[in-house]
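Chemist: Next come the chains, spelled out residue by residue.
There are 2 protein chains.
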Amino acid sequence: MVFWKKLFSSSDAVNAAESTRLKEDLFNLENNDSSQPQIIFSTEKDIDFYELEELCDRVGWARRPLRKVKKAIEHSFLVVSMWEVTGKKRRLIGFARATSDHAFNATIWDVVVDPKFQSRGLGKAMMKYAIAQLRSADISNITLFADPQVIKFYQRLGFILDPEGIKGMFWYPD
Amino acid sequence: MVFWKKLFSSSDAVNAAESTRLKEDLFNLENNDSSQPQIIFSTEKDIDFYELEELCDRVGWARRPLRKVKKAIEHSFLVVSMWEVTGKKRRLIGFARATSDHAFNATIWDVVVDPKFQSRGLGKAMMKYAIAQLRSADISNITLFADPQVIKFYQRLGFILDPEGIKGMFWYPD
Numbered sequence: 180m181v182f183w184k185k186l187f188s189s190s191d192a193v194n195a196a197e198s199t200r201l202k203e204d205l206f207n208l209e210n211n212d213s214s215q216p217q218i219i220f221s222t223e224k225d226i227d228f229y230e231l232e233e234l235c236d237r238v239g240w241a242r243r244p245l246r247k248v249k250k251a252i253e254h255s256f257l258v259v260s261m262w263e264v265t266g267k268k269r270r271l272i273g274f275a276r277a278t279s280d281h282a283f284n285a286t287i288w289d290v291v292v293d294p295k296f297q298s299r300g301l302g303k304a305m306m307k308y309a310i311a312q313l314r315s316a317d318i319s320n321i322t323l324f325a326d327p328q329v330i331k332f333y334q335r336l337g338f339i340l341d342p343e344g345i346k347g348m349f350w351y352p353d
Numbered sequence: 180m181v182f183w184k185k186l187f188s189s190s191d192a193v194n195a196a197e198s199t200r201l202k203e204d205l206f207n208l209e210n211n212d213s214s215q216p217q218i219i220f221s222t223e224k225d226i227d228f229y230e231l232e233e234l235c236d237r238v239g240w241a242r243r244p245l246r247k248v249k250k251a252i253e254h255s256f257l258v259v260s261m262w263e264v265t266g267k268k269r270r271l272i273g274f275a276r277a278t279s280d281h282a283f284n285a286t287i288w289d290v291v292v293d294p295k296f297q298s299r300g301l302g303k304a305m306m307k308y309a310i311a312q313l314r315s316a317d318i319s320n321i322t323l324f325a326d327p328q329v330i331k332f333y334q335r336l337g338f339i340l341d342p343e344g345i346k347g348m349f350w351y352p353d
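Heads up: the protein sequence lines correspond to chains A and B, in order.
Numbering of the first sequence is given in the numbering used here, commencing with residue 180 and proceeding in unit increments.
Numbering of the second sequence is given in the numbering used here, commencing with residue 180 and proceeding in unit increments.
Keep in mind that the hints were calculated from the coordinates and are not lab data.
Since this is a predicted model, take the numbers as computed values, not measurements.
Misleading hints may appear alongside valid ones.
Repeated chains share a single entry, so a pair holds when one copy, or any two copies, can fit it.
Straight-line distance between alpha carbons at most 20 Å, and here's what the computed EDC-like set of lysine to aspartate or glutamate pairs gives [to be verified]:
1) Lys250 to Asp317
2) Lys331 to Asp293
3) Lys331 to Glu343
4) Lys247 to Asp317
5) Lys331 to Asp341
6) Lys247 to Asp225
7) Lys250 to Asp289
8) Lys303 to Glu263
Construct the complete structure from the given sequences, taking the supplied hints into account.
Modeler: Okay, here's the thing in structure tokens:
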């Protein structure tokens with residue numbers, strides 16, 4: 180339960196700061212009754228890969244080698260996860276990550292929200308949280324590649340399609 | 180002259196390997212007369228930022244804080260530079276870099292070729308070199324954002340525009 184340890188421990192300054200930040204990230208702050216589900220966002224990279232795989236299964240993504248998923252998360256500049264927390268139980272319900280040069284550009288990949296939690300504004304809240312994290316790191320150019328069915332979702336978040344005619348291009352091996 | 184030191188030193192295994200690799204990267208291998216200009220590609224990150232700034236000036240790019248350029252290069256997965264080498268002189272004539280999660284995706288940024296060296300196939304050769312480097316690192320999804328005037332250039336290299344309707348999107352701060 181590394182996540183909880185990191186979330187609530189105040190045994191050192193870093194963990195205390197992290198704990199404070201995460202508590203401020205509560206999506207549903209008005210609800211202080213711990214028996215009621217709350218939504219929490221985290222930037223903790225230490226995610227259970229099997230739990231993440233289950234989340235990705237729920238949206239029908241093709242499975243990827245866990246070794247490569249682990250490496251990709253380690254080398255992502257930002258990892259964002261969204262949790263439903265009820266009492267002492269927590270469940271991973273959303274995920275996104277971003278690569279970056281730590282200076283100018285970031286690219287967001289692997290945005291996923293549990294289907295049972297979609298259409299409630301939670302994906303939007305998670306993306307706003309991710310954007311806020313990247314902005315706080317002084318990244319000014321936040322980019323992504325959007326599947327056709329989610330273009331409007333990102334437009335509502337302020338993402339611009341093909342700005343000034345700039346086009347996304349992909350190279351795949353033969 | 181760190182570049183030359185790294186290019187020709189065989190004082191340790193890493194440098195020797197780097198040296199061998201770079202020698203194999205000679206664009207103009209049939210020309211062994213060192214008094215004739217040769218084109219060399221390098222993945223060395225230790226680039227003179229002022230020399231890079233001069234190259235970017237030559238194509239009319241807006242200047243960026245060197246502190247941020249340094250940070251971006253440090254945190255790029257791949258840095259590719261192209262040099263014209265005549266005898267003991269070398270001149271930076273091309274540059275590109277890529278961010279990556281080291282596992283699945285890479286995004287190429289800041290592709291620049293000295294205007295005096297354009298229209299000779301050197302930009303294409305540099306990009307092929309960059310793609311080969313990313314492929315050798317087992318990156319299968321190589322992406323970029325292309326300005327309208329260079330879309331055909333990238334298409335000739337095998338990059339696909341908006342594959343399966345996937346669209347490039349940008350978020351900028353207000």
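Chemist: Each hint needs a verdict: does it hold in this structure or not?
Modeler: Verification of the hints:
1. Lys250 to Asp317: For Lys250 and Asp317, the Cα distance is within 20 Å only across copies (12 Å; inside one copy 25 Å).
2. Lys331 to Asp293: Cα proximity of Lys331 and Asp293: one copy only (19 Å, versus 39 Å across).
3. Lys331 to Glu343: both (18 Å within a copy, 16 Å between copies)
4. Lys247 to Asp317: between (28 Å within a copy, 10 Å between copies)
5. Lys331 to Asp341: both (13 Å within a copy, 16 Å between copies)
6. Lys247 to Asp225: within (15 Å within a copy, 28 Å between copies)
7. Lys250 to Asp289: Cα proximity of Lys250 and Asp289: one copy only (14 Å, versus 25 Å across).
8. Lys303 to Glu263: within (15 Å within a copy, 49 Å between copies)
Taken one by one, the earlier hints all hold for this structure without exception.
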